[in-house]
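A.B. asks: So the chains spell out like this:
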Amino acid sequence: MPERAVPEGLIPHRGPARLVHAILESPRPDVVVCAGRVPADSAFVCDGRVAAVVLLEMAAQAAAVLQALAATPEGATRPGYLVAIRAATFRAEDVPADAVLIATVRRTGQAGPLATFDVTVGRAGAEEIVTATLSTHAGG
Amino acid sequence: MATPIFDGLTIVEEAADAAGWRARVRVERSSRMFAGHFDGEPILPGVAALLIVRHALRQLGFALEALPSVRFRHAVGPGDLLEVSAARPDADGQCRFEVRISGALAVTGVARGERRA
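For the record, the sequence lines run as chains A and B.
Numbered according to this note's numbering, the first sequence spans residues 1 to 140.
Numbered according to this note's numbering, the second sequence spans residues 1001 to 1117.
Where hints are given, some of them may not hold.
As the list claims (entries may be wrong) - Derived Cβ-Cβ restraints for the label pairs, each shown as a range: (1) A:71 - B:1024: 31 to 41 Å; (2) B:1073 - A:30: 26 to 36 Å; (3) A:91 - B:1061: 19 to 29 Å; (4) B:1103 - A:3: 39 to 49 Å; (5) B:1079 - A:100: 29 to 39 Å; (6) B:1114 - A:99: 29 to 39 Å; (7) B:1116 - A:127: 43 to 53 Å; (8) A:98 - B:1063: 15 to 25 Å; (9) A:69 - B:1103: 32 to 42 Å.
What the hints assert, rightly or not - Pulled from the structure, derived: some chain A residues nowhere near chain B, Cβ distances all over 10 Å: (10) 15; (11) 37; (12) 40; (13) 69; (14) 71; (15) 96; (16) 99; (17) 122.
The hints are simulated quantities; they were obtained by calculation from the structure and are not laboratory data.
Built from N, CA and C at the ideal position, the CB exists for glycine as well.
With these hints in hand, go ahead and build the complete structure from the sequences.
C.D. replies: This is the structure in structure tokens:
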């Protein structure tokens, strides 16, 4: 699957809140790899750095992309609320703003509006910085 | 004295002692964190609460290295006043934290920190 931009409206995050920008691959229906970045003018940036914990937001958005790719048209843009995080580990305290980041998401469970994902986020071509299990609840 | 720690999050009262760290944090209506999150339904991104926990650990002399568990129980919106507490980390660096809005739990969890040099 060739790289493609995340279409406007695929997920409800817009403008500066949108941290995922491209779908790099979706090799299986339960997996997606997205690229993104936290821009220097983001509210999350402090002194040119982004706390690693913010990368969980990027992972959650990549999970929203995965869900939207599988959703019916009317359900595609409903916000999916992050309801739980488990076993999140951080291998760095922060990353530079504007660094290209890669988020890999695998859906590990789905029961109605609830879904669970194993996620990793790291800098392009480098070791992962964040790993976690996220749970989301589809709104609406 | 009110202290901005992140864009649109202002600590209006803060204390640290042997038990841990406590603060009241005002979520400014003007925070850029609400821009695009979401249109017509502004909600503070969940990681913003975790940035406060990271700040709490730093005030206690620790760097955030893991979040074994976090539950987001209630959405945080513009103008909310958050009551945040984080216990002083134990021998393993673990501590419980919670965020309340008007007494109601909004976020709860366990964080683990590494003592800073």
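A.B. asks: Quick one: which hint numbers does this structure break? Sort them smallest to largest.
C.D. replies: The structure breaks hints 6, 7, 10; every other hint is satisfied.
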